[in-house]
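Novice: The lines below spell out each chain.
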Amino acid sequence: MSDTSRKTALNPATHTTPPAKFSHGVRKGGILQVAGQVGFLPAVPGQPPAPAGPTLREQTLQTFANVGAVLREGGASWEDVVMVRVYLTDTDHFAEFNELYDAHFADLAGPPPARTTVYVGLPAGLLVEIDALAVLD
Amino acid sequence: MSDTSRKTALNPATHTTPPAKFSHGVRKGGILQVAGQVGFLPAVPGQPPAPAGPTLREQTLQTFANVGAVLREGGASWEDVVMVRVYLTDTDHFAEFNELYDAHFADLAGPPPARTTVYVGLPAGLLVEIDALAVLD
Amino acid sequence: MSDTSRKTALNPATHTTPPAKFSHGVRKGGILQVAGQVGFLPAVPGQPPAPAGPTLREQTLQTFANVGAVLREGGASWEDVVMVRVYLTDTDHFAEFNELYDAHFADLAGPPPARTTVYVGLPAGLLVEIDALAVLD
Numbered sequence: 001m002s003d004t005s006r007k008t009a010l011n012p013a014t015h016t017t018p019p020a021k022f023s024h025g026v027r028k029g030g031i032l033q034v035a036g037q038v039g040f041l042p043a044v045p046g047q048p049p050a051p052a053g054p055t056l057r058e059q060t061l062q063t064f065a066n067v068g069a070v071l072r073e074g075g076a077s078w079e080d081v082v083m084v085r086v087y088l089t090d091t092d093h094f095a096e097f098n099e100l101y102d103a104h105f106a107d108l109a110g111p112p113p114a115r116t117t118v119y120v121g122l123p124a125g126l127l128v129e130i131d132a133l134a135v136l137d
Numbered sequence: 001m002s003d004t005s006r007k008t009a010l011n012p013a014t015h016t017t018p019p020a021k022f023s024h025g026v027r028k029g030g031i032l033q034v035a036g037q038v039g040f041l042p043a044v045p046g047q048p049p050a051p052a053g054p055t056l057r058e059q060t061l062q063t064f065a066n067v068g069a070v071l072r073e074g075g076a077s078w079e080d081v082v083m084v085r086v087y088l089t090d091t092d093h094f095a096e097f098n099e100l101y102d103a104h105f106a107d108l109a110g111p112p113p114a115r116t117t118v119y120v121g122l123p124a125g126l127l128v129e130i131d132a133l134a135v136l137d
Numbered sequence: 001m002s003d004t005s006r007k008t009a010l011n012p013a014t015h016t017t018p019p020a021k022f023s024h025g026v027r028k029g030g031i032l033q034v035a036g037q038v039g040f041l042p043a044v045p046g047q048p049p050a051p052a053g054p055t056l057r058e059q060t061l062q063t064f065a066n067v068g069a070v071l072r073e074g075g076a077s078w079e080d081v082v083m084v085r086v087y088l089t090d091t092d093h094f095a096e097f098n099e100l101y102d103a104h105f106a107d108l109a110g111p112p113p114a115r116t117t118v119y120v121g122l123p124a125g126l127l128v129e130i131d132a133l134a135v136l137d
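In order, the protein sequences belong to chains A, B and C.
The first sequence lines up with residues 1 to 137 when you count with full-length UniProt numbering.
The second sequence lines up with residues 1 to 137 when you count with full-length UniProt numbering.
The third sequence lines up with residues 1 to 137 when you count with full-length UniProt numbering.
FYI, nobody ran anything at the bench for these hints, they're computed from the structure.
Honestly, I wouldn't trust all of these hints.
Which copy? The list can't say, so a pair holds if one copy fits it or any two copies do.
Said to hold, decoys possible - SDA-like mimics (lysine to any residue), calculated; alpha carbons at most 20 Å apart, straight line:
1. 21 x 52
2. 21 x 73
3. 21 x 137
4. 21 x 95
5. 21 x 56
6. 21 x 8
7. 21 x 91
8. 21 x 75
9. 21 x 53
10. 21 x 65
11. 21 x 110
12. 21 x 5
13. 21 x 102
14. 21 x 116
My request is simple: use the sequences and hints to build the entire structure.
Specialist: This is the structure we're talking about:
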């Protein structure tokens, strides 16, 4: 059991290495911040990061899995998340994304987190990025 | 009085229903996060959400009102806000937005929150989105 | 020594005046939020804010310095930062930015913060904006 009062990096073993010197998540005390996650599949040694597929659906499901893995690494779950930031690249994706979002949170115990969604540029081939802030007891 | 140590959803009665399974705000302990608010008028049963008007001024004033309602729902006020995130769609709106912003915060007791402003895409017809992080005693 | 349990504005003496009624940073209790910083040089009385130079490198280095000054003003350091939000304007800047980022954090004691990077619009002439969330003991 790690000392949660100290700042701790959260880097799930299956995650790809970040493209710069940052952590996939950080916990310090009761605050857990998940870095922007995209739809990269689990890391394959010797190969560059690759998204789960070209579609919004494939990437969104993988992105949720990646955020969830960071939460678990920090001893948290989706129930602890207070804010989800969603970055999409195309306003035409909003309806489909919301269907996937609702399905993901369908079984959540307790109130769903707050959310902000904006449309930005992302690296070529990526359609969605999500980060999250959790507050633990 | 709700138990503020538990995660609580903040959804003012007059707010339109979110387009997906998220809360307009969440409070857990001393952290209150307001979801991205836009210039939607109070909900009218049976009608889709509609912005206060087509102009930056109308939408900004309504957006401030909507953020404020979520803060109040969580027992907070603008004085508790430490960070405001502003999403505009056009750099030409910066000067007018800042005038409205200054007027909004003119009577604030104590130091104004921090702020980040960036230019992004928003759903058609929307010119401004704002979210906020508050820290309560 | 200020009373860190109260909301305190963090505005380093050398920083340019914000373009609206917001603080360059705010600390309340253990939470310190740095507002979006850009590559503006130290303020020169009677002159408008000016970036350190036209290049990504010049602006990024100055932006790091500006974020760092706000952290110090609040009694914090980069070691306390849990989240860095990076706003770039061009995906072609990613590799060069990451080199500068890695150099900045090379000597950091302890785990690096989480990070989200997205591509947005910024005011003319600005190539990078960074804000940061720190959690203090």
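Novice: If a hint holds in the structure, say so; if it does not, say that too.
Specialist: Evaluation of the provided hints:
1. 21 x 52: Classified as neither; 24 Å inside a copy, 24 Å across copies.
2. 21 x 73: within (19 Å within a copy, 25 Å between copies)
3. 21 x 137: Neither, since 29 Å and 23 Å both go past 20 Å.
4. 21 x 95: Between. Shortest inter-copy distance 12 Å satisfies the 20 Å Cα cut-off; intra-copy 35 Å does not.
5. 21 x 56: between (28 Å within a copy, 18 Å between copies)
6. 21 x 8: within (14 Å within a copy, 30 Å between copies)
7. 21 x 91: between (31 Å within a copy, 18 Å between copies)
8. 21 x 75: neither (23 Å within a copy, 24 Å between copies)
9. 21 x 53: Classified as neither: same-chain Cα gap 26 Å, cross-chain 25 Å, threshold 20 Å.
10. 21 x 65: between (22 Å within a copy, 18 Å between copies)
11. 21 x 110: between (35 Å within a copy, 12 Å between copies)
12. 21 x 5: neither (22 Å within a copy, 32 Å between copies)
13. 21 x 102: This pair counts as between: shortest inter-copy Cα distance 5 Å, intra-copy 33 Å.
14. 21 x 116: between (26 Å within a copy, 12 Å between copies)
Checked against the numbered hints above, the structure violates hints 1, 3, 8, 9, 12; every other hint is satisfied.
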